[in-house]
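Trainee: The chain contents come next:
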Amino acid sequence: MKYFRSHILVCKDPDCIHKGAHEVMDALQDELVAEGLINEIQVLETSRIGNCWNGPEMMVYPEGIHYTNLTVDDIPYLVEEHFLKGRIATRFVEPEKSVKDEELGAPKSKEIRVVLRNCGKIDPENIEDYIAEDGYAALGKALTEMSPTQVIETVLASGLRGRGGAGFPAARKWSFVAAKQGSDKFLICNADEGDPGAFMNRRVLESDPHAVLEGMIIAAYAAGIKQGYIYCRAEYPIAVKTLNIAINQARAMGLLGKDILGSGFDFDLEVRMGAGAFVCGEETALMASIEGKRGEPRPRPPFPADSGLWGKPSNVNNVETYANVPQIILKGADWYASMGNEKSKGTKTFAIAGDVNNTGLIEVPFGISLREIVFDVCGGIKDGKQFKAIQTGGPMGGCLPASQLDLPMDYESMTAAGSMMGSGGLIVMDEDTCMVDIARFFMEFTQDESCGKCTPCRVGTRRILEILNRICEGKGRHGDIETLELLCKEIKSTSLCGLGQGAPTPVESTLKHFREEYEAHIFQKKCPAKVCKSLISYEIQPDICTGCTVCSRNCPVEAINGERRQAHKIDPDVCVRCGICMQVCNFNAIIVN
Amino acid sequence: MNSAVISALANDPVNNTDQKSIIDSIINENRTRPGATMVILNEVQSQIGFISESMQSYIAQTLRVPVSTIHGVVSFYSFFTTQPRGKHTIKFCMGTACYVGGTPQLIEKAKQALGIDMGQTTPDGKITLEVCRCVGACSQAPVIVVDDETLGRVKPSKFPQVVRQCQE
Ligand SMILES: Cc1cc2nc3c(=O)[nH]c(=O)nc-3n(C[C@H](O)[C@H](O)[C@H](O)COP(=O)(O)O)c2cc1C
Ligand code: FES
Chain A
116 MKYFRSHILV CKDPDCIHKG AHEVMDALQD ELVAEGLINE IQVLETSRIG NCWNGPEMMV
176 YPEGIHYTNL TVDDIPYLVE EHFLKGRIAT RFVEPEKSVK DEELGAPKSK EIRVVLRNCG
236 KIDPENIEDY IAEDGYAALG KALTEMSPTQ VIETVLASGL RGRGGAGFPA ARKWSFVAAK
296 QGSDKFLICN ADEGDPGAFM NRRVLESDPH AVLEGMIIAA YAAGIKQGYI YCRAEYPIAV
356 KTLNIAINQA RAMGLLGKDI LGSGFDFDLE VRMGAGAFVC GEETALMASI EGKRGEPRPR
416 PPFPADSGLW GKPSNVNNVE TYANVPQIIL KGADWYASMG NEKSKGTKTF AIAGDVNNTG
476 LIEVPFGISL REIVFDVCGG IKDGKQFKAI QTGGPMGGCL PASQLDLPMD YESMTAAGSM
536 MGSGGLIVMD EDTCMVDIAR FFMEFTQDES CGKCTPCRVG TRRILEILNR ICEGKGRHGD
596 IETLELLCKE IKSTSLCGLG QGAPTPVEST LKHFREEYEA HIFQKKCPAK VCKSLISYEI
656 QPDICTGCTV CSRNCPVEAI NGERRQAHKI DPDVCVRCGI CMQVCNFNAI IVN
Chain B
191 MNSAVISALA NDPVNNTDQK SIIDSIINEN RTRPGATMVI LNEVQSQIGF ISESMQSYIA
251 QTLRVPVSTI HGVVSFYSFF TTQPRGKHTI KFCMGTACYV GGTPQLIEKA KQALGIDMGQ
311 TTPDGKITLE VCRCVGACSQ APVIVVDDET LGRVKPSKFP QVVRQCQE
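As given, the protein sequences belong to chains A and B, one line each in that order. Using the numbering used here, read the first sequence as starting at 116 and increasing by one per residue. Using the numbering used here, read the second sequence as starting at 191 and increasing by one per residue.
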């Protein structure tokens, strides 16, 4: 193996690429070549070193120095200081952000990294990096020191619950499959992550794929399974590529395939790609898709443990569920169970999007309050606006208002509050968001993604959407709210799979917590948040408008008229209320009524 | 048959030796794998770019399954298309974060700039506009995907630049 004195990991997440990571990496390589260092220093791509808030960023090993806010022009200076003179280029180092202790994070940030512990620290395409971080040690321990039953008992005692949404104890599922005779059984990893706003699984697959593989191999050992599949959505091509590289490396090292680590245990894995259907995240639909069929769900029971892939006993778990397993085996059930609260143990990753200052990925112990997540970990609401709602659980979850901010984040509390844990997408909304519009948006999503197999979901979601569309257009009627409530109840209780059963949740939760907004739309024909197009109009304030023409040039329908340097005017009959003019106006001259 | 149909047939990958041999090798490599249909269709979609009706019949025949089975699968998944896309595809993320973050405005701008609707291709065959599901770059909302490249924080005013790059 070639020896390098230093490794530079450059973050190549979309956030960082957007800020110029490609260019920075190219410049870095050119500079190293120019200085004759390219044979001593290796430049690698990785994802998520920090939170991508200060990208492009990179990490230099072995020193573990985290450089942020880089530009192409900084590279010559940085290379000279760090690699020629051996001094840390302090001006690119964030002082308080110590990255030494990735595993526990800085206490102030309230983060604990278990699943994300290696993210950004190791080269995901190099198995040796993973092994250097205790990788595959848990597998060795499980295969040589533990019986399958002991593995199941340990994971049960840790309290690890499925991270795909429902929160079923992971090892309990394994024990069902383990009890089945024969070796024709399958282990499946659900990497379909279809919830919009959720990207935790993608980050783990892209930056620490071996943790998922190791967890899967251990689960397979516990349940006596020889063949596994990872079902990854087609929207994640980099994850598929990284996984395939990882699988090949693991196979080459004898960690997958026949007689793993000389234990006599055989297990192999394959990645299967989805093709853009949200419902395929549902386990029975997912298995139909792997079988090469339309991804339509079927009623349960029979549960996958009885009759799964090709009718054989199968175990389905989420990416994050598996990624937790090696740590539990290595550090013990007590360590894991010491994090979290009474019923929800360990940590959970969340993808935060929306109107908070720090969007991105976090990992926090269960039981932390929503308020702590929004205001402490994520730095509060953007632009000093008011918090309005937090959406948890994706399209089958609900919106929770400010009065619920002190709820602890765990499976039971979320369900009790009329939302759900889901896979971990959190969307924070500020005062400018219309809750009826949000409910309509989610309904559009589920209506479109309904596979059409069962009537309540196929027709019911469409009826709800029609009513919501009407309300948003200012054509709401007396009785609409009651009809919505009835429809929600019926769809929930009669749909075939979790998609239909969860589809009404966004509507129900907004009706429960933001009923007055529905009433304003229906009875006063007003959209309090000034979002719904039919209920608002745009107006240019003549005393502020400078006549710069930027709005009229950007208007898609030529609804804005006016002479240069004269106040402009919007023709309300032509205007489609897209809001572009308001976005582009440099003088805030445009208001919504 | 009118001339448009004849030329469409003549251009179909099953009538083009190079493309047909690609399809054949995809089928041969994968046909014995369990659940081969999805694997084959995914590969054909990614290498040829679409799965026309005659390609569906051809694949069905070779795999000895009813065409309806193949068609059922192709029409179920949104990634499979039955018509060729333009040279470049611009996808607009309509995930929650992007929806809240301004994709609708961006779409208005795109439709205006190119004079086509979502799902359509410009007459010169260069650019196809599509909406897509969350691509997992939500913290960058609104996000568009130009071919394989993900662009974040795209303002409507930046869109013409994106179009210009595609047209080069
Ligand atoms: C409509 C629908 C979509 C789902 N999408 C996902 C998904 O994207 N990822 C996931 O892990 N589980 C998803 N699930 C949950 C799975 O059906 C299943 O419960 C889960 O993969 C089990 O793994 P776990 O026990 O580790 O959570 C979805 C369920 C439904 C009803
Ligand atoms: S919502 Fe657009 S990338 Fe997630």
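One or more hints might be untrue.
Simulated crosslink set (DMTMM-like; lysine to aspartate or glutamate; CA at most 25 Å straight-line) [unchecked claim]:
(1) K225/A / E339/B
(2) K281/B / D563/A
(3) K345/B / E457/A
(4) K341/A / E219/B
(5) K648/A / D307/B
(6) K345/B / E240/A
(7) K684/A / E298/B
(8) K348/B / D563/A
(9) K127/A / E339/B
(10) K345/B / E623/A
(11) K356/A / D307/B
(12) K348/B / E673/A
(13) K356/A / E298/B
(14) K356/A / E243/B
(15) K301/B / E559/A
(16) K345/B / E546/A
(17) K408/A / E298/B
(18) K408/A / E233/B
(19) K345/B / E138/A
Note that these hints are calculated values from the structure, not bench results.
Trainee: Does each hint fit the structure? Answer for all of them.
Mentor: Each hint, compared with the structure:
| no. | hint | in the structure |
| --- | --- | --- |
| 1 | K225/A / E339/B | violated (34 Å) |
| 2 | K281/B / D563/A | holds (17 Å) |
| 3 | K345/B / E457/A | violated (45 Å) |
| 4 | K341/A / E219/B | holds (23 Å) |
| 5 | K648/A / D307/B | holds (20 Å) |
| 6 | K345/B / E240/A | violated (34 Å) |
| 7 | K684/A / E298/B | holds (20 Å) |
| 8 | K348/B / D563/A | violated (29 Å) |
| 9 | K127/A / E339/B | holds (12 Å) |
| 10 | K345/B / E623/A | violated (33 Å) |
| 11 | K356/A / D307/B | violated (33 Å) |
| 12 | K348/B / E673/A | holds (19 Å) |
| 13 | K356/A / E298/B | violated (34 Å) |
| 14 | K356/A / E243/B | violated (30 Å) |
| 15 | K301/B / E559/A | holds (21 Å) |
| 16 | K345/B / E546/A | holds (22 Å) |
| 17 | K408/A / E298/B | violated (36 Å) |
| 18 | K408/A / E233/B | holds (16 Å) |
| 19 | K345/B / E138/A | holds (21 Å) |
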